Amino acid sequence: MPQPDRRRFLTSAVLGGSAVAGATALGSLAPEAAFAAAPKIKLDPGALDPNFAEGRITGISGSLLKASGSDRTLHRIHITDGTSIWKLHPTTFDQIKVGDGFYARGVRLPDGSLAADAIWVNIVNLDASIAAIETARLHLDHNGKRVIGHVVGGRTAAVYGSAPAVADLTRLQVGRHVKVIGAWRPDTNEVDIATVYSGA
Amino acid sequence: MVEWPASVQPLFVGATLLWSGGVKCAGASARRAAQRSALRSLVGEARAPIAHRLVGAAELALAAALLLPPVYAGEAVAAAVLATGFLAYLAYARVVAPDSSCGCMSARPMPVTWRGFARAALILAAALLGTRAGPWWDAATGHPWAAGTTLLGEAAALVALSPEADRRWLYPLRRLRVRLRHPLADRSFDMPLESSLQQLLGSTAYRQVSGLLRSGLRETWDEEDVRVLCYTAEYEGRLATAVFAVPLRHYRPEEIRVALVDESAESTLLVLDGA
Chain H
41 MPQPDRRRFL TSAVLGGSAV AGATALGSLA PEAAFAAAPK IKLDPGALDP
91 NFAEGRITGI SGSLLKASGS DRTLHRIHIT DGTSIWKLHP TTFDQIKVGD
141 GFYARGVRLP DGSLAADAIW VNIVNLDASI AAIETARLHL DHNGKRVIGH
191 VVGGRTAAVY GSAPAVADLT RLQVGRHVKV IGAWRPDTNE VDIATVYSGA
Chain G
31 MVEWPASVQP LFVGATLLWS GGVKCAGASA RRAAQRSALR SLVGEARAPI
81 AHRLVGAAEL ALAAALLLPP VYAGEAVAAA VLATGFLAYL AYARVVAPDS
131 SCGCMSARPM PVTWRGFARA ALILAAALLG TRAGPWWDAA TGHPWAAGTT
181 LLGEAAALVA LSPEADRRWL YPLRRLRVRL RHPLADRSFD MPLESSLQQL
231 LGSTAYRQVS GLLRSGLRET WDEEDVRVLC YTAEYEGRLA TAVFAVPLRH
281 YRPEEIRVAL VDESAESTLL VLDGA
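The listed protein sequences correspond, in order, to chains H and G.
This note's numbering numbers the first residue of the first sequence as 41 and each following residue consecutively.
This note's numbering numbers the first residue of the second sequence as 31 and each following residue consecutively.
Since the hints were made in silico from the structure, they are not lab data.
One or more hints might be untrue.
[Unchecked claim] Over the 12 Å line for every Cβ pair with chain G, so calculated as not near, a few chain H residues:
#, residue
1, T98
2, I100
3, G102
4, L104
5, S108
6, D151
7, S153
8, A158
9, E174
10, G215
11, D227
12, E230
13, A240
[Unchecked claim] Interface residues of chain H toward chain G, partial, derived using beta-carbon atoms under 7 Å:
#, residue
14, L50
15, V54
16, L55
17, G122
18, S124
19, A155
20, D157
21, T175
22, G184
23, I188
24, G201
25, A207
26, T210
27, V214
Being a predicted model, the structure only gives us computed values, none of them experimental.
Just so it is clear, CB atoms sit at the ideal spot from N, CA and C, and this is done for glycine as well.
For reference, chain H alone in the conformation it holds in the complex (with noise of 0.2 Å):
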């Protein structure tokens, strides 16, 4: 189905009125039976988890990604139409490029591949205190060392407090303390801001 057409059913599906279940159809909402629903890891103490890889990639063919593990590791990555797949921004298989980092989780494959449930591209989490405010750039000094966060028109959000993710940043301050989420640009100090969190 081509995408406009495709979204459009999707749409459909569930903002038209037919067919509603109620709330509870799935079954009780208790946290209880979210914990007997949850399903059960059973990995010895210390054992790789099988559905994770991790790395960066060094080869793409098709829909199969090549990437070496931090401890060199060699995966073999199926992307799917149902990946997910996160680079900043939810978005397509073609924006993955040799070189980037990610994270992804899965089913292990008997050929010892990795089938992705979710991929998530140079994301990186940073701890960092804000050194400068320019345009379009926060300076931010990670255990000593200098990062440049560039803010993202229409994607970079922040989070002041526990309250919603805003898209105003005019409340961000140098020397206060933020928790960065955000996509790397690979072999640089340089970060594209997906959400910074401040605390007030």
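Once you've looked at the hints, dock chain G against the given chain H.
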């Protein structure tokens, strides 16, 4: 008479050593500063705090000798030797332990940068100049204005080269500039995706199907006053798309609806509202 600039150098070097020695000996977290510094790899983890304190004591003793009478030529020479030692230490830290803190003039973690080298070089130059000096109090009374200006200039250079002092003068200036005209102002007031996600994660509809979700957020688009968010889900043994409709401009998680759709068969499996 060009002797007075040399004569005030012991005052500058002495005051600087008083600052750095005081921080090393009496600073509240001097111990932590020592453990973060390159002394750790130079003399070992256990001996780093003692070595740090010894350097501080030497600095204080030298500061006292420089600032108080009588004047010996050896004082300035000792200061020059110490400054050379600082330069060597910084070079060592840069090469051997690049992740270590300077541990120089505050307990705050400070990486070794060009500013540290420039500062040590400034102290070395002052100490070398001071070897040709008479008592600083004669120079200070003989040329009070010139001596004062020189000292003030040197102190300003020292502070400018000290990352430790940035929070006292540089950050307030930057804060003032940001307050006058925030460089990140004039941005649109679009609803960020993160805000919709926060609303979604707190909703009944999400809690109902979260156990079925397999992927992260796959795609999203806006449809008038709702934002549509799609995930991959597994429902009754087959792959489906979980389509959430989140109010775009209001916080009403109870209005969030979700549909489980089989895209290959173009059929809707289930629609839930949050009520």
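Status of the hints after comparison with the structure:
With 12 Å as the threshold on Cβ separation, the claim that T98 of chain H sits away from chain G holds: the shortest Cβ distance comes to roughly 23 Å. Remark: the non-interface label on I100 of chain H is consistent with the geometry, its nearest Cβ contact in chain G lying 19 Å away (cut-off 12 Å). Listed as a non-interface residue, G102 of chain H keeps its Cβ farther than 12 Å from every Cβ of chain G; the least gap is roughly 20 Å. For L104 of chain H, the shortest C-beta to C-beta distance to chain G comes to about 18 Å, beyond the 12 Å cut-off, and the non-interface label holds.
Interface exclusion of S108 of chain H from chain G stands, the closest Cβ pair being 23 Å apart, more than 12 Å. Every CB of chain G lies more than 12 Å from the CB of D151 of chain H, the least distance being 20 Å, so the non-interface label holds. For S153 of chain H, the non-interface assignment is confirmed: its Cβ lies about 17 Å from the closest Cβ of chain G, beyond the 12 Å cut-off. Some Cβ of chain G comes within 12 Å of the Cβ of A158 of chain H; the nearest lies about 4 Å off, and the non-interface call is violated.
E174 of chain H, annotated as away from the interface, has a beta carbon of chain G within 12 Å; the closest lies near 5 Å. A beta-carbon of chain G comes within 12 Å of the beta-carbon of G215 of chain H; the shortest separation is about 5 Å. Even its closest Cβ contact with chain G, about 18 Å, leaves D227 of chain H beyond 12 Å, as expected for a residue assigned away from the interface. With a least beta-carbon separation of about 17 Å from chain G, E230 of chain H lies farther than 12 Å from that chain, consistent with its non-interface assignment.
Chain G leaves A240 of chain H outside its interface by the beta-carbon criterion, the shortest separation being 15 Å against a cut-off of 12 Å. The interface hint given for L50 of chain H holds, since its Cβ lies 5 Å from the closest Cβ of chain G, which is under the 7 Å cut-off. A least Cβ separation of about 4 Å between V54 of chain H and chain G falls short of the 7 Å threshold, and the interface hint therefore holds. For L55 of chain H, the interface hint holds, since its Cβ comes within 7 Å of a Cβ in chain G; the closest pair sits about 6 Å apart.
With 7 Å as the threshold, the beta carbon of G122 of chain H comes within range of chain G, its nearest partner Cβ sitting at about 4 Å, so the hint holds. The interface hint given for S124 of chain H holds, since its Cβ lies 4 Å from the closest Cβ of chain G, which is under the 7 Å cut-off. Interface hint status for A155 of chain H: violated, as the beta-carbon distance to the closest one in chain G is roughly 10 Å, over 7 Å. Interface restraint check for D157 of chain H: the shortest CB-CB distance to chain G comes to about 5 Å, inside 7 Å, so the restraint holds.
Evaluation of the T175 of chain H hint against chain G yields a held restraint, the C-beta minimum of about 4 Å falling below 7 Å. Look at G184 of chain H: its Cβ gets to within about 4 Å of chain G, closer than 7 Å, so that hint holds up. For the restraint placing I188 of chain H at the interface with chain G, the shortest Cβ-Cβ distance is roughly 14 Å, beyond the 7 Å limit, so the hint is violated. Because the closest C-beta pair between G201 of chain H and chain G is about 13 Å apart, greater than 7 Å, the hint is violated.
The beta carbon of A207 of chain H is positioned within 7 Å of a beta carbon in chain G (closest approach about 5 Å), and the interface hint is therefore held. For the restraint placing T210 of chain H at the interface with chain G, the shortest Cβ-Cβ distance is roughly 5 Å, inside the 7 Å limit, so the hint holds. The criterion of a C-beta within 7 Å of any C-beta in chain G is met by V214 of chain H, whose closest approach is roughly 4 Å, and the hint holds.
Hints 8, 9, 10, 19, 23 and 24 from the earlier list are contradicted by this structure; the remaining hints agree with it.
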